[in-house]
Amino acid sequence: MNVIRRQFTKLRMRDFLIILLGTTLISIDVKYVLDPAGLVTGGVSGLAIVIKFLTGRIVDGGIPLWVSNVLLNVPIFLFAIYAEGFRSIIRTGISFVIMSIELAVMPDLPLLTDDLLLTSVYGGILFGLGTGIILTARSTSGGTDLLSKAIHSKLRFISMGRLIQILDGAVVIVGAVTFSVEHTLFAIISVYISGKLTDVIVDAGKRAKMCLIISEQNEEIAQTIMKELDRGVTGLKGKGMYTGNSKVILLCICSKHDIPDIKDIVRSYDKRAFFIINNVSEAMGEGFVEHWK
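Going from the sequence shown to our numbering is simple: count from 1 and add 1.
Note that these hints are calculated values from the structure, not bench results.
Zero decoy hints are in this set.
Listed next, with one range per pair, are the computed distances between beta-carbon atoms: (1) GLN224 - ILE102: 54 to 64 Å; (2) ILE167 - GLU85: 15 to 25 Å; (3) ILE159 - VAL60: 33 to 43 Å; (4) ARG88 - ILE260: 40 to 50 Å; (5) LYS228 - ASP200: 29 to 39 Å; (6) THR114 - GLY196: 15 to 25 Å.
Taking lysine-lysine and the DSS-like style, the derived pairs with C-alpha atoms no more than 25 Å apart in a straight line are: (7) LYS272 - LYS238; (8) LYS228 - LYS210; (9) LYS228 - LYS272; (10) LYS272 - LYS257; (11) LYS32 - LYS53; (12) LYS228 - LYS264; (13) LYS210 - LYS248; (14) LYS210 - LYS257; (15) LYS210 - LYS240; (16) LYS238 - LYS248; (17) LYS197 - LYS207; (18) LYS207 - LYS264; (19) LYS238 - LYS228; (20) LYS248 - LYS272; (21) LYS240 - LYS264; (22) LYS257 - LYS228.
All C-beta atoms in this analysis are idealised placements derived from N, C-alpha and C, irrespective of residue type, glycine included.
Full structure from sequences and hints, please.
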């Protein structure tokens with residue numbers, strides 16, 4: 002009990018609200034977009050849509066989404082606790098509870114549009130937004146993500162990405178058999194949009210640019226960049242293999258908005274300078290993401 006209490010104390014109200022917002026967007030998407038259109042995009046939510054459709058002839062309206070969500074996630078959570086311990090799934094557990102309640106209390110509404118392309122696009126946008134927001138709070142919506150993480154802890158030779166692809170791919174195949182190939186093709190569009198948008202949200206504020214500058218005027222260029230743009234510059238020792246001369250290579254991590262100014266500074270001192278610009282997936286430290294783990 003003390004462990005549970007300490008973990009919930011660490012969960013700040015801000016994190017809880019972020020998880021609530023992200024989970025609500027996913028619930029709305031599953032309830033009002035993906036389910037009415039019969040778009041199975043993988044995961045437990047996709048499997049719940051299939052179960053609801055298949056049981057429609059047995060139970061009036063089919064087994065509700067929230068029931069399938071609970072029944073499918075409970076064994077996944079138990080396996081995750083066995084594989085990784087209880088404290089690793091607390092945040093995901095909160096998202097799971099919120100989503101189950103929301104799917105249970107949200108009223109049924111008719112399909113907003115018969116256009117499958119439009120539905121798949123907006124379905125992907127909502128799911129990507131929700132997933133990305135949840136991930137920023139170091140949580141997940143459970144399902145295949147949690148199961149893949151737990152399996153990976155036992156089978157380290159299989160990557161998490163590959164496990165997620167296998168599990169979600171299996172659900173999409175079930176959806177293709179249940180509904181139609183056309184629905185599955187549109188579901189793939191939704192999955193693609195969702196994945197791209199999730200990456201954008203998760204990586205927001207972390208991406209940067211890396212500049213490598215080789216010039217005889219390296220001292221003047223470095224001092225101007227540090228003074229005018231307030232960006233740090235590091236001098237790396239290098240050697241021109243053709244001439245055999247020692248050189249100083251300037252390294253500067255900056256935002257994309259700084260690039261035009263840095264180009265102007267370099268050009269003003271040395272029009273023959275060698276200038277390389279690379280993309281940086283994550284930049285952490287002073288001036289970028291300063292609170293990280």
